[in-house]
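Assembly of the complex is requested from the two constituent chains, each provided in isolation within its own frame, with the hints serving as guidance.
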Amino acid sequence: MAISIPELEALLHETFPDAKVTITDLAGDGNHYAAEVIDESFRGKNRVQQQRSVYAALKGKMDGAHGELHALALTTKAPE
Amino acid sequence: MTDAKNRIDETVKANDVVLFMKGTKTMPQCGFSSRVAGVLNFMGIEYADVNVLADEGIRQGIKDYSDWPTIPQLYVKGEFVGGCDIITEMTLSGELDTLFQENGVTYDKDAAEKIREANA
Chain A
1 MAISIPELEA LLHETFPDAK VTITDLAGDG NHYAAEVIDE SFRGKNRVQQ
51 QRSVYAALKG KMDGAHGELH ALALTTKAPE
Chain B
1 MTDAKNRIDE TVKANDVVLF MKGTKTMPQC GFSSRVAGVL NFMGIEYADV
51 NVLADEGIRQ GIKDYSDWPT IPQLYVKGEF VGGCDIITEM TLSGELDTLF
101 QENGVTYDKD AAEKIREANA
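Protein chains in written order, with this note's numbering: chain A, 1 to 80; chain B, 1 to 120.
Next up, chain B with everything else stripped away, as it sits in the complex (with noise of 0.2 Å):
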C-alpha cells in the first residue's frame, strides 16, 4: 500500500464516521461536500472531515481507496458508504438512520425528520 492509502485506512478504522471532502465541515469548499457536511452536522453526527482540497495524495488516494471517482464519500465503520447522490437518498429514505442505528452511532432523529418534512 501506499503511503497515502495507509494514511485512509488508518484513518477509516479509527473514526466510526468519516467524510472526505473539499473543504472542511464548517468551511466546504464545493455544493456536494457541503450538502453531505450538511446532513451530518444536522443530524449531529460526530464525525471526522478530511479536506481533499490540502492533500493530492488523499485526493487521489480516495478514489482508488473506494474505487469511487468522485467526492465527498462517506465511510461509517470503515465501510464506504456512497457520495452525495446516495447519501441525500437514504437520508429522505431513512436509511441512513438505520446504518447509524445498526452501527451504533448517536444522531439526532428529530433532526432527521425534519429533514425529511422539509423535502417531502
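Looking at chain A on its own, in the form it has when it is part of the complex (with noise of 0.2 Å):
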C-alpha cells in the first residue's frame, strides 16, 4: 500500500489549511516519507502535541500493519 504526495499534503491541509507543508519521498516507495509541517497552531505546543496533532490529520494511515504509511518523519514548528 502506498500513498502519494497530493493525498499527503490534501490530507494535511484538511486540517492545516494555512501550514507550510514540505514533503520528500525518501526512499522512491511511497511509502517512506518525510513530512515538515509549519503551521501558527503550533505555538506554545511541545513537539508531542503538535505532533499528534499531524497524525491525527492523517486519520489512521499510520495505522500499523493496515496503514498505508510506514515510515513519517515528522519536524513540526511555528512559523519563526
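These are computed hints drawn from the structure, not numbers from a lab.
Positions of the beta carbon are idealized from the N, C-alpha and C atoms, including for glycine.
Don't take each hint at face value.
[Stated by the list, open to error] Cβ pair distances, simulated, as ranges:
1) A:ASN46 - B:GLU113: 37 to 47 Å
2) A:ALA2 - B:THR106: 17 to 27 Å
3) B:GLU79 - A:GLY44: 10 to 20 Å
4) A:ASP18 - B:ARG7: 34 to 44 Å
5) B:GLU113 - A:ALA10: 38 to 48 Å
6) B:ASN119 - A:ASP29: 18 to 28 Å
7) A:THR24 - B:GLN29: 34 to 44 Å
8) B:GLN29 - A:GLU80: 35 to 45 Å
9) A:ALA10 - B:THR26: 35 to 45 Å
10) A:GLY28 - B:GLU89: 19 to 29 Å
11) A:GLU80 - B:GLU10: 39 to 49 Å
12) B:ALA111 - A:PRO17: 42 to 52 Å
13) B:GLN101 - A:ARG43: 18 to 28 Å
14) A:GLY60 - B:ALA111: 21 to 31 Å
In C-alpha cells form, the structure reads like this:
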C-alpha cells in the first residue's frame, strides 16, 4: 500500500489549511516520507502535542500493518 | 483498563526510563527503534526495554496508552517523551540531557557531546 505526495498534502491541509507543508519521498516507494509542517497552531505546544495533531490529521494512515504509510519522519514548528 | 494497559502502566511507573521498541536493546529489529536504543546505550542510560513484537497486546496497547501511532516510544518517569524524530532532535539540541538531569537519571555527558560533535 502506498500514498502519493499530493494525497498526503491534501490530508494535512484539511486540518492545517494555512500550514507550510514540505514532503519528501525518502525511498521512492510511496511508503517512506519526511514531512515538515509549519503552522501557527503549533505555537506554545510541545513537540508531542504538535505531532499528535499531525498524526490525527492523517486519520489512521499510520496504523501499523493496515496503514498506508510505514514511515513518516516528522518535523513540526510554528512559523519564525 | 485492559490487561495490556495495566501492564504498560505498571512498567512505565516501575522504571525511570522505558523504551517500547521493535526488538530488544541488544538486538533491535527496526531502524527507528535501533536509533533510539543506540542513543540510550551510548549515553549509558539504565533503561527497561519492552519488545512490542513479542506481545500483540502491548504493541497495540502502547499506541492507545500514549495516543501516538508509532514505535519506538520513550518514557521517562512515567511521562511519554516522544518517538524517533523527537528523541533525535532532543539529543542534538541537548534537551534530552536536560530532561535526564531534571529527572535524576544518570547519563554520560561526554558521550552525549560526542553524538552532537559527530552530527554537527
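Report task. Of all the hints given earlier, name the ones this structure violates by number, lowest first. Result -> 1, 2, 7, 14
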